[in-house]
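Participant: Read off the chains here:
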Amino acid sequence: QELAPLNSDTEKDRMDWSQLEAKLGAFPKLPEGTKAGAVSKTLTNEYWRSLGEGYTKFGDKAGVPVVYQAAQSEGDQLGQLTIAEGLITQGYNVLLVSPQTDANLQPVIEQAKAAGIPVVNVNDAVIPQAEHYVGNVQRDNGVRVAKWFIENRPEGGKVAIVEGQAGVYAAVQRTDGFKATISEGGKFEVVASVPGNWDRQTSYDAATNILQQHPDLIGFYANNDGMALGIVEAVKAAGLQDKVAVFGTDGISDAYTSIKAGELTGTVDSFPVLTGEVALESALRLVAGQKLPRVVATPQALITKDNVARYQGEGVDVRAVLMEDAAAAN
Amino acid sequence: MTPRLRFEAISKSFPGVNALSDVSFDVAPGEIHGLLGENGAGKSTLLRILSGVFRPTSGSMFVDGENVSFRKPMDARGAGIAMIHQELQQVPHMSVAQNMFLGHPLTTVGGLFVSRREQERRAAEALSMIEPGIDPAAPISSLKVAQRQIVEIARALLDRARIIAMDEPTSSLTPSEFERLAEVITKLSASGVSIIYVSHKMDEVLRICQRASVMRDGKLAGAVDVQTASHQDVITMMVGRELMQEQHVSHVTATVKLEARGLSSLTKIRDASFKLHRGEVLGIAGLVGSGRTELLRLLAGADRLTAGAIDIDGKTVNLRNPRDAISAGIGLVPEERKREGIIPVRSVTINMALASLGSFSKAGIIQGGKLRNTAEDLLRRVNLRPFQLDRPIRLFSGGNQQKAIIARWLASKSQILLFDEPTRGIDVGAKAEIYHLIEALAADGHSIVVVSSELPEVIRLSDRVLVMRDGQIAAEIARADLTESAIVAHAIPGANTGRTPAPAA
Amino acid sequence: MSNSPAAADTKLSPVFARFSFSLRDAGTLIGLVVIMAVFSTLVPGFLSERNLVNILQQSSINACLALGMTLVIISGGIDLSVGPTAAISAVITATLLLSGTPVPLAILAGLGIGMACGFINGILVAYVGLQPFIVTLGTLSTYRALALIYTGGNPVLGIPAGFRSLFNGNLFGIPMPVLIVAVVALAAWVLLKKTPIGEYLLAVGGNEEAAYVAGVPIARTKITAYVISGGLAALASLILIGRLGAAEPILGNLWELDAIAAAAIGGASLMGGKGSILGTILGAIILGTMRNGLTLMNVQAFYQLLATGLIILVAMMIDRATRGRE
Amino acid sequence: MSNSPAAADTKLSPVFARFSFSLRDAGTLIGLVVIMAVFSTLVPGFLSERNLVNILQQSSINACLALGMTLVIISGGIDLSVGPTAAISAVITATLLLSGTPVPLAILAGLGIGMACGFINGILVAYVGLQPFIVTLGTLSTYRALALIYTGGNPVLGIPAGFRSLFNGNLFGIPMPVLIVAVVALAAWVLLKKTPIGEYLLAVGGNEEAAYVAGVPIARTKITAYVISGGLAALASLILIGRLGAAEPILGNLWELDAIAAAAIGGASLMGGKGSILGTILGAIILGTMRNGLTLMNVQAFYQLLATGLIILVAMMIDRATRGRE
Ligand SMILES: Nc1ncnc2c1ncn2[C@@H]1O[C@H](COP(=O)(O)OP(=O)(O)OP(=O)(O)O)[C@@H](O)[C@H]1O
Ligand SMILES: Nc1ncnc2c1ncn2[C@@H]1O[C@H](COP(=O)(O)OP(=O)(O)OP(=O)(O)O)[C@@H](O)[C@H]1O
Ligand SMILES: [Mg+2]
Ligand SMILES: [Mg+2]
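Protein chains in written order, with our numbering: chain A, 1 to 330; chain B, 1 to 505; chain C, 1 to 326; chain D, 1 to 326.
Read the hints as simulated data drawn from the structure, not as lab findings.
Among the hints, erroneous ones may be present.
[Stated by the list, open to error] From the derived model, a few chain A residues whose C-beta atoms are all more than 10 Å from chain D:
{"hint": "1", "residue": "3"}
{"hint": "2", "residue": "12"}
{"hint": "3", "residue": "20"}
{"hint": "4", "residue": "24"}
{"hint": "5", "residue": "31"}
{"hint": "6", "residue": "46"}
{"hint": "7", "residue": "49"}
{"hint": "8", "residue": "72"}
{"hint": "9", "residue": "137"}
{"hint": "10", "residue": "140"}
{"hint": "11", "residue": "151"}
{"hint": "12", "residue": "195"}
{"hint": "13", "residue": "201"}
{"hint": "14", "residue": "226"}
{"hint": "15", "residue": "241"}
{"hint": "16", "residue": "315"}
[Claimed, not checked] The calculated DMTMM-like cross-link candidates involving lysine to aspartate or glutamate, where the alpha carbons are at most 20 Å apart (straight line), are:
{"hint": "17", "chain 1": "D", "residue 1": "194", "chain 2": "B", "residue 2": "120"}
{"hint": "18", "chain 1": "C", "residue 1": "194", "chain 2": "B", "residue 2": "390"}
{"hint": "19", "chain 1": "D", "residue 1": "193", "chain 2": "B", "residue 2": "120"}
{"hint": "20", "chain 1": "B", "residue 1": "187", "chain 2": "B", "residue 2": "125"}
{"hint": "21", "chain 1": "B", "residue 1": "144", "chain 2": "B", "residue 2": "131"}
{"hint": "22", "chain 1": "B", "residue 1": "315", "chain 2": "B", "residue 2": "390"}
{"hint": "23", "chain 1": "D", "residue 1": "194", "chain 2": "B", "residue 2": "259"}
{"hint": "24", "chain 1": "B", "residue 1": "268", "chain 2": "B", "residue 2": "336"}
{"hint": "25", "chain 1": "A", "residue 1": "291", "chain 2": "A", "residue 2": "317"}
{"hint": "26", "chain 1": "B", "residue 1": "72", "chain 2": "D", "residue 2": "209"}
{"hint": "27", "chain 1": "B", "residue 1": "338", "chain 2": "D", "residue 2": "209"}
{"hint": "28", "chain 1": "B", "residue 1": "201", "chain 2": "B", "residue 2": "336"}
{"hint": "29", "chain 1": "A", "residue 1": "35", "chain 2": "A", "residue 2": "9"}
{"hint": "30", "chain 1": "C", "residue 1": "194", "chain 2": "B", "residue 2": "376"}
{"hint": "31", "chain 1": "C", "residue 1": "193", "chain 2": "B", "residue 2": "259"}
{"hint": "32", "chain 1": "B", "residue 1": "275", "chain 2": "B", "residue 2": "481"}
{"hint": "33", "chain 1": "D", "residue 1": "193", "chain 2": "B", "residue 2": "125"}
For each residue, glycine too, the CB sits at the ideal point set by N, CA and C.
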């Protein structure tokens with residue numbers, strides 16, 4: 001019964017979100033009184049609030065009440081465990097969890113299994129024993145940014161990485177994806193890869209120091225948008241905004257604003273609202289007894305000034321656009 | 001004439017204790033009014049009410065006929081009342097002058113800035129009335145206790161107060177320092193300042209005071225006519241019974257219990273050698289700062305030797321810390337009780353047992369019954385009052401705290417007891433009890449060292465006296481030759497007359 | 001300093017003084033009862049046996065840490081490094097288990113590592129003479145870094161079932177963590193109330209200099225407190241990895257604050273010389289109850305944070321008021 | 001408590017004691033010089049004017065907080081709530097600026113909010129008589145929650161350029177934050193060394209009971225320290241949002257630890273009664289230098305954490321050794 005430890009990026013038993021309807025049919029009818037519980041890392045980051053928005057949106061559509069909770073701060077591992085255990089006690093029919101770390105919600109998997117409640121691991125940290133995972137490919141975030149550099153800066157140059165909290169899965173994967181991809185051609189040199197701790201101020205200071213030592217730097221990759229926006233300010237303060245490209249990850253609204261203003265070069269949006277919708281849809285399909293592959297991959301896209309209008313603005317239906325993207329990719 | 005100060009039916013109760021009940025008396029302008037009483041009689045409590053630290057439970061106070069009530073010390077000071085507290089009230093990291101002007105610094109530029117220089121000038125002025133040697137800019141923590149007490153006195157002189165309450169101002173002072181204080185007090189009194197003077201030193205009170213009140217168990221026991229009263233009368237009034245004046249009895253034997261050979265310390269002590277016999281009470285006299293405390297701390301393992309050795313029962317012992325000393329059978333009753341003596345929030349019982357917890361334990365567990373029995377036994381022997389064994393020690397009067405510390409070394413069955421100013425701040429009754437205790441211990445075969453600044457005490461207790469001067473043992477005086485003048489002659493630098501300075505071989 | 005001298009004239013009466021610890025503890029207990037009463041009216045099923053056991057289980061890790069913290073606080077110190085200490089011993093124990101080390105040996109090693117971390121803190125405080133806050137602030141970073149470097153930042157997965165059942169099972173229907181912590185609490189209570197070491201801790205925290213003159217082994221006493229704290233941090237981490245089935249180098253983040261809060265709610269004074277084992281346990285349960293109750297009420301994270309902050313303040317105010325009346 | 005009595009026999013001689021403050025500061029300065037020397041051999045361009053200015057600029061926020069922290073620590077307290085205090089005043093100032101409030105008014109409001117937060121801490125410590133550590137642990141959560149609730153967790157973006165240039169510009173080639181903090185440091189120095197309030201702070205922290213019987217206004221003095229700390233936390237947050245152009249409710253996470261570390265490295269004693277303004281500034285620069293140097297050396301995250309922990313310990317040990325020799 002022991003599952004092989006999950007690696008959400010490489011797991012073979014997977015499906016793209018765009019295939020849900022095509023492969024599994026229309027959304028099934030749910031047992032009477034179905035309710036869903038969700039717990040995420042923290043609400044202090046817009047990403048997780050948007051995810052919750054997606055849950056609620058789909059919940060409303062499907063007529064399923066959703067309770068969405070989060071730990072008091074990022075890194076509060078036991079607090080999150082307490083919350084998740086509380087949700088099981090209260091008899092929710094399905095759980096969606098975005099764990100603080102790979103391990104801290106392991107008991108939930110076990111307790112839920114005992115109680116016959118399906119659990120879906122949504123994004124970021126990956127519980128090795130998780131039977132279901134919905135989310136994007138973390139590594140791909142870094143890969144996409146690296147590819148942008150390879151295409152748009154063919155002559156190569158110096159780049160730097162500002163990492164998230166040391167030891168966090170998403171930070172490790174994103175950094176690794178970027179580093180590996182950009183080093184392939186041999187034209188680029190990663191001159192610095194330093195901790196930004198998901199913190200704007202720390203990233204600002206780190207970027208200032210790096211720029212001063214490498215005034216010929218051509219770009220930064222930050223593991224999230226908050227840090228990237230800090231870096232943007234440091235680049236502006238150094239007067240290098242035309243020479244240094246800055247990329248973030250997540251696609252929070254401030255990042256979009258900054259991209260439109262021509263400050264942030266780009267971000268890898270992983271569409272948290274849509275991710276939330278897809279996650280809850282998958283979870284509810286499980287409740288209805290359908291069989292799903294272990295991983296349902298959600299979309300992501302590199303947003304720059306060139307394509308920002310396609311993904312955001314008046315009358316843009318992101319879902320439809322992403323469906324198109326998915327179709328194009330196949 | 002309206003009295004300068006009038007207490008009217010002052011009562012103060014702490015939960016479980018009536019510290020004062022219905023105390024009334026007057027102090028006239030310019031009067032020096034003595035206040036006597038046993039430990040715990042309520043003297044300090046009354047003065048702390050006067051200075052705004054406590055509020056009375058009931059009763060009222062009048063200053064120059066005006067009803068006053070103080071909510072905090074600042075109010076009392078505003079009414080012209082200065083107080084010298086029994087315990088030193090000083091801030092260690094600050095200078096002498098800063099401490100003296102604490103709470104009401106001298107300022108310039110409309111109160112904006114502290115005027116250091118002016119403070120130091122005025123502080124030096126006030127200090128010079130008693131002891132000119134103290135540098136007002138020095139950190140208070142670099143001063144010895146006696147000097148710090150002088151700073152406290154000088155602080156009270158700064159205020160130009162109408163009333164100065166002095167709670168045992170001379171407990172650490174030598175007779176000559178008292179003389180200078182007496183002069184100052186007389187001058188103040190002549191200029192109309194009223195003084196309330198608390199002391200356990202009967203002579204002082206009878207000498208400088210015009211009238212005196214005696215307190216017993218929180219009540220006023222009566223007034224003393226200073227002109228005619230004898231020591232005995234006063235003591236009887238204080239303790240409610242007569243105390244026998246007793247003579248020295250010797251229990252000294254020929255066995256050498258401890259031998260100090262050429263002891264030197266980092267700061268002061270140089271080449272101190274002496275022997276201490278079984279059953280002997282060895283007095284150590286000397287001026288303040290002559291190194292007596294430091295010598296005791298060396299013997300107690302609290303400070304390190306830089307040279308020399310200590311033998312006990314003929315065997316050299318290595319005392320790296322007090323623990324070593326305790327297992328070698330040495331116990332120290334320290335000079336600064338509050339700082340080095342007590343664990344304030346713990347009970348008297350625990351404070352007593354602290355040095356010998358091992359002996360109350362079986363398999364690492366303290367045996368409550370045994371501890372309790374010993375505590376009852378020993379604390380009764382030292383006559384602890386109130387006899388409440390679970391009460392935190394900080395709630396006891398100073399004298400009773402001292403008794404508990406003495407009981408500590410009885411509990412640890414130390415053979416060698418070192419007393420540093422054993423009766424400082426302790427009333428006559430308790431003093432007699434402590435003398436008895438010391439003698440009884442000597443009779444039991446204990447060896448005892450007593451450091452004291454009170455010459456009568458040294459003479460009363462000692463079988464032999466070492467006089468210290470400037471970190472060295474200047475002389476040894478046998479019982480037969482023991483007089484106050486002999487001690488003084490050796491203690492004062494440059495007055496090396498008469499007797500041969502003969503450190504014991 | 002917390003106790004302003006203005007209030008100093010309302011002191012313990014001798015009769016009460018004898019029971020003052022239990023009076024203070026009674027105050028904490030009343031606090032807990034009030035909180036439970038409030039939640040039980042707001043949350044159906046809050047008082048169900050299952051949920052109560054849940055609360056105990058969820059409080060057990062914090063209680064375990066807080067017991068060690070209480071002893072350190074009583075000795076006049078503080079231990080900010082409990083989280084990283086737990087992390088180091090967790091990852092090392094897990095690695096040993098994975099490499100086939102017998103369970104008892106791995107447990108001993110884990111506890112040993114925790115005690116070694118505490119020992120280093122103790123040496124720096126007692127012999128080098130540094131301030132406890134700063135020492136453990138320094139080792140907070142240092143130990144965390146070591147745990148991260150040791151594992152390369154990766155979790156250690158796949159802890160054997162034998163070990164897990166030991167820390168994660170039930171005995172007579174009571175979860176093992178609760179039983180373990182109950183035993184530890186009892187031991188700590190005996191240590192503090194019945195042994196010379198307990199008196200030494202109280203004496204060192206109450207007046208270090210006087211304790212020194214009275215022959216109390218100051219350095220040894222302080223070191224003992226930190227070693228116990230380190231050992232209990234390690235024990236807490238074993239309980240945790242038993243539950244999680246994995247050991248992470250970032251485990252134990254911010255544990256120190258919860259542990260200090262529990263000890264303080266339970267009556268420990270950060271000036272040293274005062275603290276109660278029973279109070280600390282109740283303090284940990286209060287914090288656990290808050291978390292549990294707020295979660296069951298689906299209170300949003302920001303408001304949970306608010307409630308946590310306020311409950312600490314209110315608990316301390318109630319404590320102050322109770323003591324004032326004593 | 002840090003100063004074990006075993007070492008108590010080597011006391012200050014009166015002559016040296018008078019200069020002990022400046023001696024102690026010299027020790028911190030030597031520490032800084034050593035660290036800089038090490039980095040200058042390892043990192044080319046480390047001693048360039050540009051980088052030195054950089055270090056000062058990056059140390060300025062922590063220095064600002066640490067100054068307030070120093071005063072609180074001197075008074076015998078501690079302020080763990082500086083980060084959330086900064087966050088509240090940052091988001092409110094930013095909101096005001098966005099709604100068109102004139103810059104000076106918004107700044108005053110921001111500083112006022114910070115001081116109000118400090119005032120609450122002060123009241124709880126001084127009048128209610130709670131332990132400073134616990135009070136500010138409670139307000140740490142409470143204030144953070146308020147900042148999050150106020151903004152719904154979102155950053156406030158688009159701070160006007162007028163405001164930003166005020167806190168982010170240069171004057172005579174020196175960054176504004178550095179100038180601002182220099183002025184604050186001078187003011188704090190004068191306050192501590194030359195005014196009655198400074199004396200009161202030292203007295204209250206050094207011996208509260210003695211201060212009380214001498215008529216020092218205990219409560220007012222403590223409250224003043226917390227209000228200043230709150231105000232400086234607000235000032236630090238204004239500098240930060242001037243630099244970043246955005247105010248986040250999660251800003252200031254763990255600032256308290258850096259500020260305490262700077263004060264302690266600079267010679268403040270957490271037992272109260274002791275601390276140095278110059279020392280604190282040097283302490284903050286030491287920490288800033290460490291961060292800067294390690295980043296320039298591209299040291300990996302785990303090892304940066306290790307270095308930070310070790311430097312705190314080593315700095316305190318050097319301090320201890322220096323004082324021992326005095
Ligand atoms: N803060 C307090 N709380 C409770 N009881 C107290 C307090 N202060 C003093 N007492 C009690 O009040 C009584 C009177 O004490 P007080 O200090 O006034 O005596 P005293 O005459 O000054 O004694 P001594 O000569 O030893 O200084 C004692 O029984 C003491 O234990
Ligand atoms: N901690 C210290 N720092 C500096 N000097 C000290 C210290 N302790 C003792 N001294 C010096 O050593 C000398 C001897 O002090 P000691 O306390 O032994 O004298 P004493 O005779 O016992 O006087 P007292 O009656 O005041 O206790 C004093 O002159 C004092 O200046
Ligand atoms: Mg008295
Ligand atoms: Mg002496």
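Participant: Mind listing which of the numbered hints don't hold for this structure, in increasing order?
Facilitator: As far as the earlier hints go, 6, 7, 8, 12, 13, 14, 22, 23, 25, 29, 31, 33 are violated by this structure, in ascending order.
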